[in-house]
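Visitor: Please work from the sequences and hints to get the whole structure.
So that you can map any letter, position 417 of the sequence shown is 420 in the numbering used here, and since no number is skipped, the others follow by simple counting.
Honestly, the hints are just simulated from the structure, not real lab data. Errors might be hidden in some of the hints.
To be verified - Calculated pairs, SDA-like style, for lysine to any residue (alpha carbon to alpha carbon, straight line, at most 25 Å): (1) 246 with 262; (2) 456 with 487; (3) 309 with 324; (4) 372 with 325; (5) 478 with 420; (6) 478 with 509; (7) 372 with 341; (8) 62 with 81; (9) 309 with 351; (10) 528 with 428; (11) 478 with 457; (12) 309 with 328; (13) 478 with 496; (14) 372 with 393; (15) 62 with 117; (16) 478 with 501; (17) 528 with 442; (18) 528 with 493; (19) 246 with 471; (20) 62 with 47; (21) 372 with 529; (22) 372 with 399; (23) 478 with 417.
Claimed, not checked - Computed spacing ranges between beta-carbons, pair by pair: (24) 487 with 38: 51 to 59 Å; (25) 406 with 224: 44 to 52 Å; (26) 234 with 88: 56 to 64 Å; (27) 508 with 434: 35 to 43 Å; (28) 433 with 134: 49 to 57 Å; (29) 467 with 434: 26 to 34 Å; (30) 208 with 472: 42 to 50 Å.
Given the structure is predicted, the values throughout are model-derived calculations rather than measurements. C-beta: ideal position from N, C-alpha, C; glycine also.
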Amino acid sequence: MNNLNIKILPTLLFLLPILYCSLESHAQAQWNMELFGQADRGDDRYSGSWAYIDEATGKEYALLGTTSGMAIYDINQPELEELFFFPGPYSRWREITVIGSHAYVVTEGSGFGEGMQVIDLTALPENATLVTTFDSRFRTGHIISRDIYSDQSYVYISGTCGNCGVEIVDVAEPTQPALVGQYRPGYYIHDCHVRGNFLYAAAFFNSTIDIVDISDKTNPILIAQIEVPGGNVHSAWTTEDEKYLIISAESDGLPARIWNIEDLENMFEVTTYSGNLESLTHNPYTRGDFVFFSHNTEGITVVDVKDPRLPLEVGFYDTFDGRSGGFNGLWSACPYFPSGKIIGGNREDGLYVWTFNETPANRIYLTIKDAITQAPLEGVVVTNATNEFQSDATGEIAWATLETNMELSLTLEGYQTKDTTMQLIEGEQFTTDIYLLPRTVPTKELLSSQMPKVYPNPFTQHLTFAFDRPSQTTKIEILNSLSQRVMEQPIRGQNRIVLSTASLPAGMYQYVLKNELGEILINGKVLKY
4 MNNLNIKILP TLLFLLPILY CSLESHAQAQ WNMELFGQAD RGDDRYSGSW
54 AYIDEATGKE YALLGTTSGM AIYDINQPEL EELFFFPGPY SRWREITVIG
104 SHAYVVTEGS GFGEGMQVID LTALPENATL VTTFDSRFRT GHIISRDIYS
154 DQSYVYISGT CGNCGVEIVD VAEPTQPALV GQYRPGYYIH DCHVRGNFLY
204 AAAFFNSTID IVDISDKTNP ILIAQIEVPG GNVHSAWTTE DEKYLIISAE
254 SDGLPARIWN IEDLENMFEV TTYSGNLESL THNPYTRGDF VFFSHNTEGI
304 TVVDVKDPRL PLEVGFYDTF DGRSGGFNGL WSACPYFPSG KIIGGNREDG
354 LYVWTFNETP ANRIYLTIKD AITQAPLEGV VVTNATNEFQ SDATGEIAWA
404 TLETNMELSL TLEGYQTKDT TMQLIEGEQF TTDIYLLPRT VPTKELLSSQ
454 MPKVYPNPFT QHLTFAFDRP SQTTKIEILN SLSQRVMEQP IRGQNRIVLS
504 TASLPAGMYQ YVLKNELGEI LINGKVLKY
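Guide: Structure (structure tokens):
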């Protein structure tokens, strides 16, 4: 299938099930997610969160930013236990990351303890220790990041001043951090995502994502740039295969945007996502086929992006009872625990820990063709119980759904209406061709256009099916006199198929030609001596 020509439906159209759930969000505060535990230490406000896993014991800990410092929680039981607290400058913004057994904490607050705090987590749960505060090159920072896909010992601090860009710090020796490089574009960088040799810098006021080559950490080089419509570029994260970039904007009314970045010289937006445009998406983090958004006043939303062109919301948990919009509710959500737990800092009431049932989306990819000429048909209207779609110039149409059973009706002026039923397996990516018959062409003409020559008949050791042109049917089935299938062979696109029939007993058989949906297109009878 031509990926560039596939009909991608408008966001609001293929997210109808999501919008329904959003409308019900105040009555139904969760969907496919469960609250594992929650803790509020009584601080004024909460912000960033990150994961720490003790490699020796497998125990999991949550690190949570508050206005007055950073708290460490044991999250192995639903009764979350605060183990340690490290005070820092008062600030509504505090961010954390972890490399090895050390946590690195930054904030925009000034005063006692300003700089990058380095905390040794090795002795948890019995002890944790502040081993140094790195303040020789910068005193404040808005966001701290690392490459979670490698074991490289670098942290990246964005927003250390109004036009400072990104500071690159080597923490191979945690007690002696060393500044090794800077990305200084001359404007403010709000956040950055790092993966391999690339840094994706969110230039909030410049309305761009800067793609920077950091293979030489001492000399970062801007190699590509995405101009993001609407501005207020907050953060970004790559999909698992690194072919797409998910970009969030920190402004109500702006959706998250998904860009194809396979070719840095030809990047383009493929679609957008929002669970509710009255509230902004914040901090997208991908894990496998899912992206976890902190959707501010809508709480956490989980979106299946196995095909990033067709995102579908598959779970949420609302953490804020007030009206949608503004800077309330969930700040960030970290999904990188081996157990599958997800943690988040909710601005008003602290730490949340969830589980997600990994519900996948189904996707349907149809190519609709003229049954006589096999030419693609544009403008075919496909309807099911809840949605209506239309094929593009290549006859293609695709959508994501959580339905596993659906009835479709296909209509196009000048063609016979076709009704069909689809049964999907959860998480299936279903691809098929569907053929429409012109109203003026009798069925027997369709059959003759694909009717094979079958010989020899009667047959003995072999049975041959020959087509005048490559077959548009999917498979041949051979049935015995009791209508039991005794042989099956795929045939799409082939002109000639020879079946070895020596093992079949003598008798009368029926052959059946079917399409992908299991519909019988042609049948006939053959005799074996």
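Visitor: Let me make sure I understand: some of the numbered hints might not hold for this structure. Which ones are they, in numerical order?
Guide: Per hint list: 3, 4, 7, 9, 10, 12, 15, 17, 19, 20, 21, 23, 26 and 30 violated.
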